[in-house]
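Visitor: Going line by line, the protein sequences match chains A and B.
Counting the first sequence from 1 gives a position; our numbering is that position plus 8.
Counting the second sequence from 1 gives a position; our numbering is that position plus 281.
Treat each hint with caution, since some may be false.
Stated by the list, open to error - Reference listing, derived: stretches of chain B covered by chain A, where coverage requires no fewer than 3 residues with Cβ under 8 Å from a Cβ of chain A:
| # | stretch |
| --- | --- |
| 1 | 319-333 |
| 2 | 353-363 |
| 3 | 381-388 |
What the hints contain is simulated information worked out from the structure, not anything from laboratory work.
Keep in mind that this is a model prediction, so the values were computed, not measured.
The beta-carbon is built from N, C-alpha and C at its ideal position, and this holds for glycine as well.
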Amino acid sequence: SQTIHQWPATLVQPVGSPLSLECTVEGTSNPNLYWYRQAAGRGLQLLFYSIGIGQISSEVPQNLSASRPQDRQFILSSKKLLLSDSGFYLCAWSGMGISPLHFGNGTRLTVT
Amino acid sequence: TQLLEQSPQFLSIQEGENLTVYCNSSSVFSSLQWYRQEPGEGPVLLVTVVTGGEVKKLKRLTFQFGDARKDSSLHITAAQPGDTGLYLCAGANSGYALNFGKGTSLLVTP
Chain A
9 SQTIHQWPAT
19 LVQPVGSPLS
29 LECTVEGTSN
39 PNLYWYRQAA
49 GRGLQLLFYS
59 IGIGQISSEV
69 PQNLSASRPQ
79 DRQFILSSKK
89 LLLSDSGFYL
99 CAWSGMGISP
109 LHFGNGTRLT
119 VT
Chain B
282 TQLLEQSPQF
292 LSIQEGENLT
302 VYCNSSSVFS
312 SLQWYRQEPG
322 EGPVLLVTVV
332 TGGEVKKLKR
342 LTFQFGDARK
352 DSSLHITAAQ
362 PGDTGLYLCA
372 GANSGYALNF
382 GKGTSLLVTP
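Using the sequences plus the hints, can you model the full thing?
Guide: Rendered as structure tokens:
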């Protein structure tokens, strides 16, 4: 069966510090991978998605970046965090076509 | 961006009551998905509806996709405290990404 791992679960970082959140998927090949941000338990904002290694699409201009160094690994990064980067970050994967999203358990990021 | 409006935003009811939440858009979607999210966790898929007018039942939950594939509803019969959570609808089209609504936060008290 497929599983998705996302870590860390919580993170507190000062303004201006770097960020690296990692997500890995097991039990499937060539998944579509996604990073979403959720503010205050509300709707999900798509940040990045990837349909293959090295292929990253950005949905929202920001100081965040994403990379996919391996087929089932998706990394969200920032060189310098802003206060507004605080939120709940969710990684997800899907198969081809009209395929549901399978989410990780998220990372609660607080920028102080 | 194709916007999905969910209503109501918040709903607090007592155990045993029925409720309906709505997901509306001016855009047509090829499919629509409903997710439930509990605090501190990622959303979990409940159902996918694809055909206009389609009705799907999942125990006490009934999902309907509008005839024009622009809207959907979720009806819960005899709500239980375990139904508490954030209900999110998400529309799919020709792209790779889903468009999510802002969700309906449901609280069912014993």
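Visitor: Are the hints correct? Go through all of them and say.
Guide: Each hint, compared with the structure:
For the stretch 319-333 of chain B, the assignment as covered by chain A holds, since 9 residues bring a beta-carbon within under 8 Å of that chain's beta-carbons and 3 suffice. For a cut-off of 8 Å, the count of residues in the stretch 353-363 of chain B with a CB near a CB of chain A stands at 0, and the three-residue condition is violated. Coverage of the stretch 381-388 of chain B by chain A holds [criterion: at least 3 residues with CB-CB distance below 8 Å; count 5].
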